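Position 326 of the sequence shown, counting from 1, maps to 319 under my numbering, and the rest follow consecutively.
Honestly, the hints are just simulated from the structure, not real lab data. Computed from a predicted structure; not experimentally measured. Be aware that one or more of the hints could be misleading.
[What the hints assert, rightly or not] Capping the alpha-carbon separation at 25 Å, the derived lysine-lysine pairs in DSS-like fashion look like this:
| hint | residue 1 | residue 2 |
| --- | --- | --- |
| 1 | 167 | 126 |
| 2 | 159 | 126 |
| 3 | 199 | 167 |
| 4 | 8 | 249 |
| 5 | 386 | 339 |
| 6 | 8 | 126 |
| 7 | 167 | 42 |
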Amino acid sequence: MILGAGPFQAPAIRKAAALGCHVITVDYIPGNVGHQYGHQYVNLSTVDKECILKVARDLCIDGICTFSSDVAIPTVAHVCNGMGLSGASIVAAETMATKHRFRAFLREVNLACPDFLSGNNLEILAENLHHIKPPVVFKPVDTSGSRGITRLDHFDPRSVERAFLKAQDYSPSKTVCVEEFVAGTEVGGDAILINGRVAFIAITHKHLQGFVVTGHSLPTNIAARDQARVVEHIEAICTALGYISGPLNFDVIVSKGAVTMLEMSARNGGNGIPAVIERATGVDVEQASIHLALGVVPNLPEHVEIKRGAGSFVFGSPSGGRLERICLPENLQRLVPEVFQTYFTKQPGDHIEPFEHNGNLIGFALFDCMDAAAYERITERISDTLDIAISHK
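Start from the sequences, fold in the hints, and give me the full structure.
Shown next, in the form of structure tokens:
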């Protein structure tokens, strides 16, 4: 059973079917592209834990997973717990899925953690801000994709109120986390855990525009010794959480003094990260995740090398309006031959929101690139070739 059948889940649904699995797709949008690749469709919200557990029991499923999004992670854990299937525990899943719980957990087990506060009352939170040294970052506790994030270097009341309300607006629980800004090099990536150890990891060079992720690339931009520190830190956190086997998407800050986990989730990454990893290393992390969900240990290479550089470029519009013009995907691949895969969420005539978070992307392109310099050159060519035009009428 795969929760979610949108375009970001579709590749994994196809892979599960190709492996010979009977694939049951679940979400509340019958027209989602992924359903055509599965064998059976269940129309339920992916956050409806009890109904999905009942259906899973009725269908006697052998495994359950989700891809690219955090929304369904607690439901996956609920079903795994209820049916004795392979996956994260409810405590581990819910701890990773909510930022303030994750921060509290890290502090409790004495692992690197920024100072933080959380709450749903602006007045109480503002009164306690003096406990944290600026700069700080305001975040919704239960939303991903860089939504609702603001950095403040000073605590003037008007800026604090704006940052709080912006974060709260994106939080389903209306809860805001305020945490100390962590300096260092931010990297991301995917890992596969087997029996408490990192059996595979791809640490990406993370490309950012403020807090908005504009892409990932391999090879990474941190030294081998720092990559080893990231692995050690991931294993320490997962051991403390009791998360033993499964996929892991992560974002960490690496500095001279510490490795600090910003976020982690029991799933593969979104925005084409698995395809970039497979292109660069030959390892299919989505297939590995499917195997683990079925209780099968995936066959992973003992030593992983970057066989070729690869990257992703996530694009949007700085302003909102009506999309008037954009290069066709096939033309983009013809004009920028390094591009090997594209995905567009919008087409001419659609309304576009400003690219202030990753939920407002217009699309992404995956491409071959040897190094960081090549990444910059190719993304500039992609931007020029896309020729995005927005009407503000």
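Verification of the hints:
1. The suggested pairing of residue 167 with residue 126 holds, with an alpha-carbon distance near 24 Å, which does not exceed 25 Å.
2. Between residue 159 and residue 126, the direct Cα distance comes to roughly 21 Å. Compliance with the 25 Å bound is thereby established for this hinted pair.
3. Only pairs whose Cα atoms come within 25 Å are accepted, and residue 199 paired with residue 167 is rejected, the gap being roughly 29 Å.
4. Restraint check for residue 8 and residue 249: not satisfied, since their Cα atoms lie roughly 40 Å apart, outside the 25 Å limit.
5. Pair hint residue 386 plus residue 339 holds up; C-alpha atoms about 18 Å apart against a cutoff of 25 Å.
6. Distance check on the hinted pair: residue 8 and residue 126 sit about 47 Å apart at the alpha-carbon level, beyond 25 Å; violated.
7. Distance hint between residue 167 and residue 42 is fulfilled; the C-alpha atoms sit about 21 Å from each other, no more than 25 Å.
Violated hints, listed in ascending order, are 3, 4, 6; each of the other numbered hints is respected by the structure.
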